[in-house]
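S.K.: Chain by chain, the residues:
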Amino acid sequence: MMDFDVVAFQLLNGLVWGLLLALIALGLCLIYGLMHISNLAHGSLFMLGAVLTAYACNTLGLPFWGAALIAPLVVAALMLLLDRVLFTHVLGREIAVSILATAGLLLVIDNLVLAFFGGEPASVDAPLDGAVELFGITYPSYRLAAAGLAILVLLAVGLFLRFTKYGLFMRAVPQARALAAATGVPIARVNALTIALGGLTAGLAGALATPITGAHFQMGLAILAPSFIVVVVGGLGNLGGTVAVAIIYGLLRGLLSVAMTPTAAEATTLLCLLPVLYFRPRGLFGGGA
Amino acid sequence: MTANSPVAVLRIAALTFVLVAPLVLNAYWLFLALQVVVYTYLALSFDLAYSYSRLLSFCQGLFFTLAAYVATYVASSAGWGLPAMLLGGTLGAALLGAVVGLMLMRMHTHAAIIATVIIAAASLLVGNALSAYTGGDDGLSLPTEQIGIGLWQMHSGLNLATYYLAAVPLVVLICGLWRMRGTLTWTVIRAVAQNDVRARQLGYNVTLRRYAVFVASTAVAGFGGALYALVMNHVTTGLLDISVSVNAILYAVIGGLETDCGALVGALLVLPVTELIASVFTYVQIFVGLLLAVMAVAAPKGIVGTLLQHTSRSRTVQKTEANDDGAPSDGLVRPSSI
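So the sequences go chain by chain: R and F.
Residue numbers for the first sequence follow the working numbering, beginning at 668 and rising by one.
Residue numbers for the second sequence follow the working numbering, beginning at 222 and rising by one.
Treat the hints with caution; some may be incorrect.
Stated by the list, open to error - A partial selection of chain R residues facing chain F, derived with a Cβ cut-off under 7 Å:
#1 Thr-755
#2 Ile-762
#3 Ile-766
Keep in mind the hints are simulated off the structure, nothing from the lab.
Just so it is clear, CB atoms sit at the ideal spot from N, CA and C, and this is done for glycine as well.
Whenever a hint applies, use it, and build me the whole structure from the sequences.
M.R.: Shown next as structure tokens:
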């Protein structure tokens, strides 16, 4: 392969990764925007989506698309349960309470997965094994399909927020919580829906990533820094900014992967974005914080 | 008995235990006690950063680990390994803390906390990417087991000298924090932490004070990290795992945030319990996570904080009863913070 081909291939990889990262960060951003909770266990939801998909495919023998549909739903159901037992109790309290509680949750989920599914990485065959010619290079079809699906989900969430009643509630509550409550907005239900939606998108990102990266109980920790940095650099609570920075992050990481190992590329991308917070403490696009 | 005697008794009991542990514990439990002492520095650094610079920092583990690596690298400094390790580790951590603190102090509280999570997670990636220098998961060992000052040399690892080298400064530090509580400097530090708007109105440079406390907290973590290298003889990038910081945070939360001895009390209670559980149940971190979540929600003040609150209430009740008995009341409402 020529150098240009390597760069194009890695940039496409970066774009796919950036879109999956946008899916993960979307939930993080929504939950922060609505409830002012920074869910430290959000990466674990991504990991759970991946591990459940791998388990459903490899052990239960489900087809990939079936597993990729069920796994995010299970993660969303788990988040609904957690809303009752945890998130409701930290809502409106000091920042430290929610962050420490979700830090504990991170340890619980990661180690429960380790206990039940083991520590060995699991791989899943891509449901589409062909490749397409793009910009003069051959690129795996599945990755493009995953990217396309991620775009569709991002658009669907955008449309949901823009044109549905609950979408309106989700946008309105952070701006005027007391007024929303006084006018009959079911705040508890809106919170639960937001949390479930966050679980659904993170779980879906994990499911879609499984044929690309495999599944491992520590992959949630690996995604923690990238998902949080795109949310902060995008502007805390700013959905559009988060998606844009996630894609920029993916492309930069892809470009750096041409010259270095994936771990070094990830670390360098993070180190490139961190100084942005010094010069723009409220992120590139501003935010609610 | 004074109203705050339960906390005073707990503080004295914890400090006494740390000092007499080598006389009453066997080698296994003494090694555990040494770990308690070393990790208390990390927990204390978290507590200082949170309580007095209002920064819930998940990256204290980075300063701890950096110091451990610096200490490992300078351990063989011709005859002066001990001061080189302790000073080098502490200064290295404080220098990095000064740089990181510059960024964090510019940020909104919530964004700054998230930034510490990012820094913590990124530091593990960087540590592994630099495995040529850090040794990665395999880590680095101390180049020599003879550490000392000039002619006085001692062995690294678990022994009486290393134990007291770690324990005595911790006792001094906690007693220092305890004694500082009544001073004007401490009142200003607390005021700045509790209400930055009013502190600014009174003319205090809030950012500078918070920054100074944060850097001091990283130095405390660094001192602990240097001791870790000295007593463990080995350091790996595994220390950069966020769960190490979360465990130390748990000690501080269980003991009680914004208290001088909470971190020590928490470490003394939790570390041995987790060790015992780990001997029968591999996935002890499930227990740690559950405990942290439950404590954060149900008892965020921790043991010492709850005791202080309880005794403070008792004092108020006693005062009210005294006033009801005929003592004149000045009718002033005194705010808890400035």
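S.K.: Look at each hint and say if it fits the structure.
M.R.: These are the hints, each one checked on the structure:
The closest approach between the C-beta of R:Thr-755 and any C-beta of chain F is roughly 10 Å, which is over the 7 Å cut-off, so the hint fails. About 6 Å separates the beta-carbon of R:Ile-762 from the nearest beta-carbon of chain F, less than 7 Å, and the hint is met. Annotation: R:Ile-766 was flagged as interfacial toward chain F, and the flag holds, the nearest CB pair being 6 Å apart, inside 7 Å.
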